[in-house]
Amino acid sequence: MNYYLSEELNDIKEICAEIAEKYIIPARAKLDEDNKFPREIIKIMADSDLCGIYIPEAYGGSAEMFGGGSMALAVATEELSKACGGVAVSFAANALGAMPILLSGSDEQKKKYLPDLASGTKLAAFALTESEAGSDAGGVKTRAVKDGDSYILNGTKQWITNGGEAQIYTVIAQTDHSRGARGLTAFIVEEGTPGFSYGKKEDKMGIRASSTMELIFEDCRVPAENIISREGYGFIVAMKTLNMSRPGVAAQAVGIAQGALDEAAKYASERVQFGQRIDSFQGIQFMLADMATQTEAARALVYSTARMIDAGERKYEKESAMAKVFASDVAMKVTTDAVQILGGYGYMKEYPVEKMMRDAKITQIYEGTNQIQRSVIASALIKETAARGK
Amino acid sequence: MRIVVAVKQVPDTSEVRIDEERGTLIREGVPSILNPFDEYALEEALRWRDELGGTVTVMTMGPPQAEAVLREAVSMGADEAVLLSDRAFAGADTWATSHTLAKAVEKMGNVDIVMTGKQAIDGDTAQTGPSIAASLDWPQVTFVGFVRELNQNSIIAERYVEGGCEVIRSSLPVVITVLKDANTPRLPSLKGKMKSRKIEIPVWGREDLELQEDEVGLDGSPTRVVKIRTPEIISNGDIHHGEPEVLAKLLVDSLLGREVE
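Just so you know, the protein sequences line up as chains A and B, in that order. Residue numbers for the first sequence follow our numbering, so the first one is 5 and each next one is one higher. Residue numbers for the second sequence follow our numbering, so the first one is 2 and each next one is one higher.
Read the hints as simulated data drawn from the structure, not as lab findings. Treat the hints loosely; a few may be bogus.
Simulated pairs of lysine-lysine, DSSO-like, Cα-Cα distance not exceeding 27 angstroms [said to hold, decoys possible]:
(1) K47/A x K181/B
(2) K192/B x K116/A
(3) K115/A x K196/B
(4) K34/A x K208/A
(5) K192/B x K114/A
(6) K192/B x K26/A
(7) K17/A x K199/B
(8) K181/B x K26/A
Extracted from the complex, chain A is given alone in its bound form (with noise of 0.2 angstroms):
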C-alpha cells in the first residue's frame, strides 16, 4: 500500500533499508547466537544522523523535519526490524529512554542530556520493571530517600533493555511507599554513578542482538536536579513514555512480519514439490494472503496512530495499545505461518524465519503485555460510553 510517505520519510526508509542490507542481514545470525550487542551497527545509524529522528532541532535532532517523531520512528524500526528485531529494538529503545526527559523533563534537562543522544555519542534506556513490578508498575520496590540536596537509590531493576550499553538511564523508583503508585519518581542516572552498577545479562529467547540487563543500586546518590518532573509524578512520566512508545513496538512487530512475508513468498515461489512451485497450492497461496492483508492492516493502524501523534493530538492512549497488541499479535500469526510454509527449512537456523518467530513472541509481551494492552483498551472504551450516555 502507498502511504504517500514525504521525501524525508522516504528518506529515513532508504538509509536504514541500506544499512539493513549491507551491516544487518549479514551479521543477524550470528548476533543472535552469539547473544551480541551491535554496537558496530548503532555507531553507523548515528554516522547517519538516524538517533535524533525523534528529537527536537533544539536539542540536536532533527523531529521537525519529519513533521514529529512519531512516524518517523516507526519507519526506521519498521525497515530494521524486517532485517532483524534485536537489532531494531537497540535502537528504538534509545527512543524509549530518553521519551521520560523529551516529554516530561526540564528545559535544563532537555539541553544537558538530549543533544547527546540525538547524535548517538550517548545510548539510553529507560528503567521501570522489577522482580515484582512489571505490569503492575506500582509494585516498585527501588527506594530512593531524599537526603539534602540529594537522594539515595537502593534496588535492583530487571531485563532492562540497551542495560550496560546505554550510558543514560531513566529510573522510576519509590519515593514514597505508602502511596503505591503516587509514590513513584522518575530519575535521570548516568552511568559510573558510584552505587549503580550492573548484574546479569539476560539470556533470551529472542532479540538475541539487544541487551537485556540487570541495574543494581547500592546507595546510589543521585541529585535531586536529576528528578524527572516532580517528586510523585513517576508514575506519569511513565505512563506518558509508555504511550507514546508503544507505537515503535508495533512498527517493530510490523518490520519482523513483513520480514517473514517476504521470506516465506520467496522461499513458496522457489520450492517445487509434487512438480509445480509451491505457491500454486492453493493452500500456501490463502496463507500467504492472509499473512499479507494481516500485516498490511497492522502497518495502516501503526501509522494511523504515529500520525495522530506527529498531528498533535494529545489523547492517545487507546489508539497506541490498540496499535501495539494488534500488531504484535500479527507478528506472532504471520512468523508462525512463514516458518509453517518453510516447512522443515522453516525450523532450521538456516533460514531467518525461525529467528522472527523467536523476535516476534516479545512484542506481545513488553512495554505493557498484550493482557494490559486489552485492559487499557476496555478501560478507555468504557469512559467513552460513560460519556456518551450522559
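Since the structure of chain A is provided, determine the placement of chain B on it from the hints.
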C-alpha cells in the same frame, strides 16, 4: 584543504552488451550508478576533509542526467558539486575528457588534490586520472591503497602494484587514483540526503571552461575505435601432473613441436 573528486556515472553492471557495428556500449535499459571505484576516492576525500577541514567538491562530465551521481555524492557528504555538460563534450575519449576535467580544476582554483577511482567499471581504461595530472602538469600517485599522511604541503601514499607496495611522497597539488583497499565508503546520511535535494549544481559548458571546439568531445579525441568485439577463446591450455623431470621434458618437447623460437 580543497579536494576535488572526479566521478563518473556508469551502467550498473560490468557486463553491458556491445554494439559491434558501431563499436560502442549499449547503455539503454541499464540503470546508472556512481562508479564504485569513485566511491572509495570520495570516502578518502571525505575522511581527510573531516580530519583537516576544508571542502570536497565532486565533479563529473556527462549528460544532464549525470547530475544524479553528483547528488548521491552530496548525500554521502560532499560539500559542493559541479556538472560539466555541453553537447560539444559528446564523444570524448579519455584524452579529451581529462583535458576538460583539468580545465574545470583550473577554473575552481586553489585545489590541493584531485582524487578519483582507479578506473571506471565501463571503460576500464584507468587513463583519466593520470591524464588529468598530465594535463594539469601535476604529479600523480596511481593505485593508492592507503594514504599514510596528508598535510597542506605533501602526501605520503602507499601504491599497491603487482607483487608489492611502493611508498610515495609527493608535494601538493597532486592527483591520486584510489583502490578499494583504501577504505569502506560511508552510507548517505539523512542530512546529506536532504542537502542533496536542495543543493544547486552549476553546469559548466565549453565556453565556461574557455576551451576551443577542437579540444573537446569527438573533435578533441585522438582515439578512434576501429572495432570492438568479445575475444574468442583460442585454446584452453593443457594441464599435466607429474614429476618435475618428466614435466620439463614434456614442456620442452611441446614447445619444440610448436616451433617456438
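Outcome of the hint check:
As the CA atoms of K47/A and K181/B are separated by approximately 22 angstroms, the hinted pair is consistent with the 27 angstroms bound. Between K192/B and K116/A the CA atoms are separated by roughly 23 angstroms; this keeps the pair inside 27 angstroms, and the hint holds. In summary, the hint linking K115/A to K196/B is supported, as the alpha carbons are separated by about 26 angstroms, within the 27 angstroms threshold. Restraint check for K34/A and K208/A: satisfied, since their Cα atoms lie roughly 15 angstroms apart, inside the 27 angstroms limit.
Restraint check for K192/B and K114/A: the C-alpha separation of about 22 angstroms stays at or below 27 angstroms, so the hint holds. Among the hinted pairs, K192/B with K26/A is consistent with the structure: their alpha-carbon atoms are about 20 angstroms apart, no more than 27 angstroms. Among the hinted pairs, K17/A with K199/B is consistent with the structure: their alpha-carbon atoms are about 19 angstroms apart, no more than 27 angstroms. Among the hinted pairs, K181/B with K26/A is consistent with the structure: their alpha-carbon atoms are about 16 angstroms apart, no more than 27 angstroms.
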